[in-house]
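Following the hints, position chains S, R and U with the ligands against chain G.
Protein chains in written order, with this note's numbering: chain G, 1 to 187; chain S, 1 to 187; chain R, 1 to 187; chain U, 1 to 187.
There may be inaccurate statements among the hints.
Below 30 Å or equal to it, Euclidean Cα-Cα: the simulated DSBU-like pairs (lysine-lysine) are [as the list claims (entries may be wrong)]:
no.	chain 1	residue 1	chain 2	residue 2
1	S	121	G	121
2	G	121	S	27
3	U	121	R	121
4	S	27	R	185
5	G	121	R	185
6	S	185	R	160
7	G	160	S	121
Listed below are several chain G residues computed to face chain S (Cβ distance under 8 Å; list not exhaustive) [claimed, not checked]:
no.	residue
8	23
9	30
10	92
11	96
12	98
13	99
14	100
15	105
16	110
17	117
18	142
19	146
20	149
21	161
Everything labelled a hint here was simulated from the structure, so no lab data went into it.
Computed from a prediction, not measured in an experiment: that's the story for all the values here.
Heads up, the beta-carbon is just placed ideally off N, CA and C, and yes, glycines get one too.
There are 4 protein chains.
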Amino acid sequence: MAQKPPACTLKPECVQQLLVCSQEAKKSAYCPYSHFPVGAALLTQEGRIFKGRVSLCRPDWKCSGTSLAHCSLKPLSSSDPPVLASQVAGTTGCNIENACYPLGICAERTAIQKAVSEGYKDFRAIAIASDMQDDFISPCGACRQVMREFGTNWPVYMTKPDGTFIVMTVQELLPSSFGPEDLQKTQ
Amino acid sequence: MAQKPPACTLKPECVQQLLVCSQEAKKSAYCPYSHFPVGAALLTQEGRIFKGRVSLCRPDWKCSGTSLAHCSLKPLSSSDPPVLASQVAGTTGCNIENACYPLGICAERTAIQKAVSEGYKDFRAIAIASDMQDDFISPCGACRQVMREFGTNWPVYMTKPDGTFIVMTVQELLPSSFGPEDLQKTQ
Amino acid sequence: MAQKPPACTLKPECVQQLLVCSQEAKKSAYCPYSHFPVGAALLTQEGRIFKGRVSLCRPDWKCSGTSLAHCSLKPLSSSDPPVLASQVAGTTGCNIENACYPLGICAERTAIQKAVSEGYKDFRAIAIASDMQDDFISPCGACRQVMREFGTNWPVYMTKPDGTFIVMTVQELLPSSFGPEDLQKTQ
Amino acid sequence: MAQKPPACTLKPECVQQLLVCSQEAKKSAYCPYSHFPVGAALLTQEGRIFKGRVSLCRPDWKCSGTSLAHCSLKPLSSSDPPVLASQVAGTTGCNIENACYPLGICAERTAIQKAVSEGYKDFRAIAIASDMQDDFISPCGACRQVMREFGTNWPVYMTKPDGTFIVMTVQELLPSSFGPEDLQKTQ
Ligand SMILES: [Zn+2]
Ligand SMILES: [Zn+2]
Ligand SMILES: [Zn+2]
Ligand SMILES: [Zn+2]
Chain G
1 MAQKPPACTL KPECVQQLLV CSQEAKKSAY CPYSHFPVGA ALLTQEGRIF
51 KGRVSLCRPD WKCSGTSLAH CSLKPLSSSD PPVLASQVAG TTGCNIENAC
101 YPLGICAERT AIQKAVSEGY KDFRAIAIAS DMQDDFISPC GACRQVMREF
151 GTNWPVYMTK PDGTFIVMTV QELLPSSFGP EDLQKTQ
Chain S
1 MAQKPPACTL KPECVQQLLV CSQEAKKSAY CPYSHFPVGA ALLTQEGRIF
51 KGRVSLCRPD WKCSGTSLAH CSLKPLSSSD PPVLASQVAG TTGCNIENAC
101 YPLGICAERT AIQKAVSEGY KDFRAIAIAS DMQDDFISPC GACRQVMREF
151 GTNWPVYMTK PDGTFIVMTV QELLPSSFGP EDLQKTQ
Chain R
1 MAQKPPACTL KPECVQQLLV CSQEAKKSAY CPYSHFPVGA ALLTQEGRIF
51 KGRVSLCRPD WKCSGTSLAH CSLKPLSSSD PPVLASQVAG TTGCNIENAC
101 YPLGICAERT AIQKAVSEGY KDFRAIAIAS DMQDDFISPC GACRQVMREF
151 GTNWPVYMTK PDGTFIVMTV QELLPSSFGP EDLQKTQ
Chain U
1 MAQKPPACTL KPECVQQLLV CSQEAKKSAY CPYSHFPVGA ALLTQEGRIF
51 KGRVSLCRPD WKCSGTSLAH CSLKPLSSSD PPVLASQVAG TTGCNIENAC
101 YPLGICAERT AIQKAVSEGY KDFRAIAIAS DMQDDFISPC GACRQVMREF
151 GTNWPVYMTK PDGTFIVMTV QELLPSSFGP EDLQKTQ
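The following block holds chain G by itself, in its conformation from the complex (with noise of 0.2 Å):
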C-alpha cells in the first residue's frame, strides 16, 4: 500500500516562523527537576499559531510581507483575500513538570491538549525545541502516540537552537502503530 505524502509541505519561512513560536514556548517550561525546558508549536488547519490568547504571529515574524495563514496547502494567489484572525488557530506548548515524575506532561502533548480543549484537532504541522546545541530534539513515544490520535499523516520538525531541523511524519515516527480504529477489532 503507497504512502501519501505528508499532508503538508510547510514553505521554508514558515517552518522558520513555526520554529521561532516552539522557542518561544519553551521559556514557559516548569522543568525543576530535569533542568531540560522543550518548548512545542502547533499549526492547525486554520493555519495560524496562537499562544493561549495572544497571537504568536508578530509583525516581525511574518513572512515576506503575508501572514502565517498564507502556509497554506494550496498557495493563494495574489488576488486572494487575507485570511482573517478569526478563521485561524493554534497551541504552543511547554514541559510541565511534577515532584513525582511520572505526573509531569511533555511540549508536545500539552500544546496538542490546549488544540483540542479550544476545539481543534486537525493539525497540519508541529514543530518542537529544546537547548540541545548539537542534537535536534524528537519527541517520546507517549507523545507520537498522542500526535498519531489526530492522523498519522501530518510533519514532525524537530530542531536545533541554531533554527536547522530535521522533519518526519508522525507515521514515519510511529510505524506499524496502534490506532483507534484498532479497538473496534475484537467486538
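Below, chains S, R and U with the ligands alone, put in the same frame as chain G:
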C-alpha cells in the same frame, strides 16, 4: 499544626460563573472511548477565566454588574478601579482520550497545563463539571497531585449539572501528600 | 455515613515484616534521574509477600515463630492448620524511571500491577519505603487512584528508614474519590 | 551509520513458546472498560520466562525437548551443558485499566516493570498478544519508549491469536528516539 483556611473563598456569583465555564468547557471533550465528558475551569490569581484566546467572561455571565476580577481575595471597595482585561487570565480544559487509554488526559490537568504553558502558576480555584446527574464529579488522584504541585491551599469545586457543588481544598483532597520539597530530603 | 474500620489491622510483627520487604524492594529501584529510590511491598488476602518468584518470607523474618500467613483478618486459633505456601501470594515493587520523565512508574503501582498480572486483586495492605530520614514517604495521587480501583478500605503503611510508620486507609488518602462505579452513572 | 542486526534472533520454536506465554498472560488482563485484553511475555538475557514466581516453561511448551534457555544468542553445541533454571528469568504482563482511564497501564510495561523490579534489565525479546483476529497487535508509543530505556536493538514480536507474527526491533518501532543519553546534552 493548624490548617490554614482556604486562601480564597469565592463569592457565590463568582463560583457560579466558574461553574458555567467548566460546563462550557465540557463541550470540547474528546471522549470517544468512555463517552464520559468532563470540563474544568481554572481561575488564576489574576482573576479571569479565558478559554484559550477568547475570554469566557461574557457580559451575560458577569456577576451583579461587576467583572469576575472582583472575585478577589481582598474585597474591592467600590472606589477601586476596575481590573483591566489585559491583567487577568485563566483557562478551561476537557478530557482528551486516546485509543491507548493510559495516554489520555483529564480535564483538570489540561486546564492546569494550559495555564502554566501561558505563564500562570498561581491558582485561585478550579471547578469541574460532568454529566453525572446525581453525583458531584471529583478529580482523580493524578489530577490532585498535579494541582498540589502548585499549592495545597486552594479550593476545588466539584459540581453537578444542576449547578450545585461541594468544595474541598487540594490539601483536603490529597492529605499527607508527597510534594516538591520532599524530593530534596535525601540529598 | 459511618466510615467502616479498616478491613485489616495487621499485627505489629507482621507490619514490621511488610516494612522489611518494602525496604528490600527499594534496592531494585531504577532511578538514575531522581536518585530517589522507593520500594513497596503489597500483601494480598492470601497472606504472603513474594518478590517475584522468590518468597521474601525468609525464616529470619518470620514473626514469633509463625508465618506471615497468620497475619490474617480473623486471628487464627492455635488449632488452625498452617496456611500452605502454595495458597499465598503478594508482590514488591520499586520506582522505574524513564529519560522522558512522565513515562516512569512508582513503586506502589509496580507492586499492584505485578499482583494483578499474576491473578491477585484482593489487597490487605501495602507498605512504602524511601531514603527520607525525617519524613514518612507517602504515595502520590496517581498511586492512590490505582490503589482505589481495587478497594478503598485497606491500609497504607508510610514508613521511615528507622522502621517507624504512619498508617492511613486508601479512603483517608483519597477522600471523595472517583471510582469504577462512577463511570456508569451517565449511562 | 550502519544499523546493527537485532541482538537476538530467536529460533522459531522459542518464538512460539514466547507467544504461548503472551497469550497465557492475556488471561489475567483487568480491562473492564475497554474489553480489550492484551498480554505480553518478556524474555531476559538469562533465558526463561517466568510468570511471577511460577515458571511458565511447562513441560508441554518445551521446544523439541530442549529448554527455552537454549534460545540463546550463540547456538549451543550439543555438548553444551543445559542452562540451569536457577540462572534464568523473565516475566509476563497484562493490561490493567482504571476508572480514570489515563491511570491504566499496558501489558508490555507491566512485564518490563516486573522484570526491572526483580533485578532484570537486559532484555532479549518481548511478545505481545491480543484478541484481534486480523491484525498484529503493536505496542503503543509509551511502551516503545519504556522498551527503549533498556536498549534499542532487541526484537518485538507482534502477534495474532493464530500464532502468526511480525517482528521489528525497538529501534525500528521508535526511530530517531529520545533516550537516556540525550538528557545529559544540555548540561
Ligand atoms: Zn513526550
Ligand atoms: Zn484526573
Ligand atoms: Zn506514585
Ligand atoms: Zn502501551
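Which earlier hints can't be squared with this structure?
8, 21
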